[in-house]
Structures are given as structure tokens and as C-alpha cells.
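Asks: The hints should help you fit chain B onto chain A, whose structure is shown.
Read off the chains here:
There are 2 protein chains.
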Amino acid sequence: MPQNTQTNRQIVLAQRPKGAPDANTLRMDTTAIPSPGPGQMLLRTVFLSLDPYMRGRMNDAKSYATPVAIGGVMTGQVVAEVMVSNLDAFAPGDHVLAGSGWQDYALSDGVEVLNLGPAPARASWSLGVMGMPGYTAYAGLLKIGAPKVGETVVVAAASGPVGATVGQIAKLKGARAVGIAGGGAKCKHVVEVLGFDACIDHTAPDFVDQLRAACPAGIDVYFENVGGKVLYAVLPLLNAFARMPVCGVASWYNLPGLPDGPDMGPAIMGTILRMKVKVQGFIIFDSFARSLYAEFVRDMTGWLEAGQMQYTEEVIDGLENAPDGLYGLLEGRSFGKRVVRV
Amino acid sequence: MPQNTQTNRQIVLAQRPKGAPDANTLRMDTTAIPSPGPGQMLLRTVFLSLDPYMRGRMNDAKSYATPVAIGGVMTGQVVAEVMVSNLDAFAPGDHVLAGSGWQDYALSDGVEVLNLGPAPARASWSLGVMGMPGYTAYAGLLKIGAPKVGETVVVAAASGPVGATVGQIAKLKGARAVGIAGGGAKCKHVVEVLGFDACIDHTAPDFVDQLRAACPAGIDVYFENVGGKVLYAVLPLLNAFARMPVCGVASWYNLPGLPDGPDMGPAIMGTILRMKVKVQGFIIFDSFARSLYAEFVRDMTGWLEAGQMQYTEEVIDGLENAPDGLYGLLEGRSFGKRVVRV
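Chains as they are written, first to last, in UniProt numbering: chain A, 1 to 342; chain B, 1 to 342.
If you are wondering where the hints come from, they were derived from the structure by calculation, not from laboratory data. Just so you know, not all the hints are guaranteed correct.
Copies of the same chain look alike in the list, so a pair counts if it fits in one copy or across any two.
Said to hold, decoys possible - Restricting the straight-line Cα-Cα distance to at most 27 Å, the calculated cross-link-like pairs of lysine-lysine (DSSO-like) are: (1) K188 - K276; (2) K143 - K276; (3) K276 - K18; (4) K278 - K173; (5) K18 - K278.
Pulled out of the complex, with its shape left as it was, chain A reads as follows:
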């Protein structure tokens, strides 16, 4: 059943996954389309963003955000169209950026909703390079990583929306950008289209040696979004006073528990000590002031208009295909920013 005007399809958390999510994790329910009361509007979802952080919301763990409840609608940012509005700031036909989750319709009181206007060009980009992933790359790289001209910046998931933006901004700031991605096609794209200096395939048997060879002057900024073997390959290459913004550890999101040893704790902490590394975790909208967002929008708009920033989007059709779309993304099978056209 596609999106229609009679019912509201919702994808809800059926059970918390142990390890990788599967067909039992999410479930589609159907309910009535709600009616907006005073001070509310009705939104119809147009695009749904798929992002690695969503795996964390399925867990019932101490974290930066409340987990999704069992039976609750999955969290997610969307671009939606206003269908009915009892709010002055929003009119029917306006498109908005909202956090209304994996469903066809939702009510909103307009709080923390951005009005994109009646006919935004490239509306879905608000979920990617012009939105949360782009801002994550911008703020984390420039405010924590702070690359200097000639320094080496390394980022994994380099064909993804965060990694691609990190490397391109690094280049714009005069740094050397080394990407890491899964497979030759992605690596080729990262170098030839995105303009990174090098991109290493983490599936190669000699990945560690290739990374070392691509960073002859060591690593000054490692933008951490994956953890795991990439982090462990980076550690011995970090230079004195290196910086490591941490926005994710995607390769570990599906772990059912701590992996087998050896314990890399001494290597992580010993490197931080000896090389005087600064490691800083950040959650984009918690960690940075709103003032920086305006600066980001200004810079990113300028770079895109000048053709200095390339952006790749992968569109999946149908809300019913969102779960598999997310699982594939978590397994590294996406290419560019993955969104669902609901």
C-alpha cells in the first residue's frame, strides 16, 4: 500500500535488536490520519532521512537521546508538506524540515520546524549536505578538528554525506584529505568526483599499509565516524597534538556486546597521552550554538553554488522500503546520502 489520503502508515519499533536489526525489528502499522487542533498543523511526509545514528535509538541505553519505545514510531528527520495549518507561520503547500519520524502523516506544533517555503529547490538536500550531516561535518571539522593548511585529515565513510563533506571542506581549507571507503567504486568516486587526495579501500587485505602510505606526514585530524579497525589503523599514525572529533562509531553500532580482545584501551589511551591528542565527542545540535548554523548555511550555500562542493544522493522509493534501506546503510551498502521518497 503506497502513501494515500485515507490512512497513516507508521513504521514502529517491534523489538530491540541484539546485534544487527532484522525483519523482526521494525513493523508497519496503519492508523487513522490525525486531525490538527488549535495551534497545530498536519504534515505529509515527502522525504525521510536515513542515518546511522538511528541504530542507537533502537537500544535502551544511556545516551544523548531518549530511545524509541517498543511500539513507538521510529525517529527521523523528514521533509514534509503542510496539508492543513492552524499556525500563522505555516501555510498549506509549504514544505518543512521536521523530526516527525517514519510515518506518512504527523501533527506538529511548529516548534523546531524549519519552513522551506512552497516550492523549495532540492528539498531533500535539507536532510543531507544542507542539513544535519553537512552541519555535523562542518562544525566537527572546523571547530574541533581545526585543520591547518598542509595538515592531513582522514575520514572514513568518505562517500557518505558526512565523510564526503568533511574531506571537501578540508580541501577548501588547504589540508590534505585522505578518505576511507568500502570498495573500489566508492574510492574512485571519492578521489575523482569529490577531489580527495587519496581514498583507501578498507576491504583490501593490506588496508593498514595502504593507509600508512597515503599519510606520509602522519595524521593531524581524524574525523571519527566509524570506530573499529579504521580507528585502530589510524592510532599509530597520529601526529603530536592531533585532533579527533567523534560524531559516530558506526562499525560498532550492531555489536551485541563488547568484542573479543585484545583490549585496545591501552593503545587508545596511551596514544592520546603520548601524542597529546584531543578527542571530543559531539552531538551536533547539543554541542554547537545556533549561531554557527547560520555560518554553516552561508558557507555551504556558497560552496554549492560555486561548484566547490559535490553532493551525491541515493533515493529509495516507498516508506515500506525504509527498514531495508537503513540496514543496508549500516552494512556500508549505501552510496552517498540515502533518503526515502515516501
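Replies: Only chain B this time, still in chain A's reference frame:
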């Protein structure tokens, strides 16, 4: 043979230890007392500092300082008396703070040597609360940890010269100070003499539970100097936006290799991410500008004179006892700042 005017005893690195250093690691050699040339002075060692970082200098690993060579004199800070001087800024009888290592006599060109004057009161304190350990505590806590009034600061080796100073400065700044130390006698001292709010014995079987109970509002600053099980007990207690200055990982210095699993990497990095923690390694004289040192001397002198800072020193007699003194310190058997009266 005690210190004498005929020969120069030197303790040199005989072989690099695998794991804990032992009787084969260091060796005493005897050489002639050197003669100062133009622009040099001859120093006689009075006090030798023993510090955990010395274990790292025995390894041939990429680090912040050149390792001690096999057959080379062990690195260390000393308080020494000027015996002969061909330098204008130093006169016979002056006492100095120098980095001349584990030996009776040394030549110096006066570079990076601090003149303490002819009869300094409490000269050995320049190796502790008024020197490198005190400055490490001061700069790391205030510039990286930056505790706010009412926040909780946790530090291990709390009866040692760094930990004791960290906790006392935390209290002076209005924070709650929770120490960790080995054994009841040290913990009693940390609370009753140093004035920490609590001190947990890490040898207790319910150490983890006790630490949690002592930090009912979580941990805002963890001053990392030990690593290991203390770090792992701290991780789940860290609050959002916690800070972790890292000046050492002493419990891991004797590891011959990575310990058995599980791999705690995902727990370390996951906590940094979720709780938006800032972790920053620092090596005191590399990481902080000289300007901060003057501020430290001013503040620390004031606190000591006002009786707001307590300091405990443990003096071992004889250069020949320095190796066992260091090994005991690495095993947690020191109490307060350990120095050798040469």
C-alpha cells in the same frame, strides 16, 4: 659506596624491561667526575625525583620524548648544588632544578636550569608540589578539566603528588573531590588530611559500587593518570560534556603487550560520543605556555602559605636505592611524593 668527591656514580639502563622492570633493568656504573669547560658548571645531585613517567622512558617506543639509550644514564629531574661554575648566572653553593638524571655529578650549560638560590627552603618541593607534578595537576585540571562549582572531580593515585594536588585544587574551586587510592591508610589520609569529600580503595572487591555511590551526581571531570580498571569504572558514570585531562596511564606502564579482552575500545569511544566527552592528553611542558607557569607558582605559593594545600613527601636515602624506589612507586607502594636524597 655513598656519594663522594672522587667518583661519579651513574645509574644506567642495562636492558629494556618486558613488563615490570627488575634487578636486570638498571645498573650502577662508576666514572670520573667531569670537569666543566667554558660556559659550563658542575652540579652535585642533592635530591632525585622519582616519577611514573620514567617507566615509559625505558621503552623504545614512539613517544613524546626520546627513550633512554641502553647504557645511558636514566632521565630524571634533580635538585643539585653548583660546585664549580663558569656561568655568570650560577655561583658555587647555588641550588638548581635541573634535568641531569640519575647520577652524582653532571655538567650543565645552564639551559633550562632554574636557580633556586644558595639556601632554598624545602628545596625538594621543587620536584613535587612546586614543580612538575604540581604544575601537571594545576594546568591539567584548570585548563582542560575546568571544574565548575558543585561539579564532581575524580582522580586516582589520590595520595600521590599529582592526585593530591588535583583534589585539593578542585576543592579550592568549589567542586566535589573524590579520590581513588590503594588501601585504607591512603584513603584515610586523602579524606582527613587532604580534605577530599571521599576516597575509594581500588583494592576493595566492591570498588565499582563504592565509586558509584561516592558520585551520586555522576562525574564531570576525571583526571586520568592510571587507566585500567579505574578508567573502566569511571566511564559509565561520566556526565554529558565531561572532561578528561590525560597525564598518565600508570597502571598500564608495565604491560608487555595488549591485555586480554574484551576489547574496551567500543566502550571508551561510545562513551566519548554519547556523553560528548572531551579527552585530552597533555605533556606538561609541551602543552602549556610558559606564561601559565608563573600563574601556577603564584597560586601554589599562596595556597601553601595559607595552609590551604597539604603536601606529603617520602624521602629515600641513597642513589643506590633509587631503582627499588621507582619500582615500588610503579606498584603503588609509595605514599606522597617519593624523592631520593642522593
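Asks: Now, for every hint given, state plainly whether the structure supports it.
Replies: Now for the hints, and whether the structure bears them out:
Neither within a single protomer nor between protomers do K188 and K276 lie at most 27 Å apart by alpha-carbon distance, with minima of 34 Å and 33 Å respectively. Taking the shortest alpha-carbon separations for K143 and K276, both the intra-copy value of 18 Å and the inter-copy value of 14 Å come in at or below 27 Å. In this assembly of identical chains, the alpha carbons of K276 and K18 lie at most 27 Å apart only when taken from different copies (25 Å versus 36 Å within one copy). For the identical chains of this complex, K278 and K173 are neighbours both inside a copy (20 Å) and across copies (24 Å), given an alpha-carbon limit of 27 Å.
Taking the shortest alpha-carbon separations for K18 and K278, neither the intra-copy value of 32 Å nor the inter-copy value of 29 Å comes in at or below 27 Å.
Going through the hint list in order, the structure does not satisfy hints 1 and 5.
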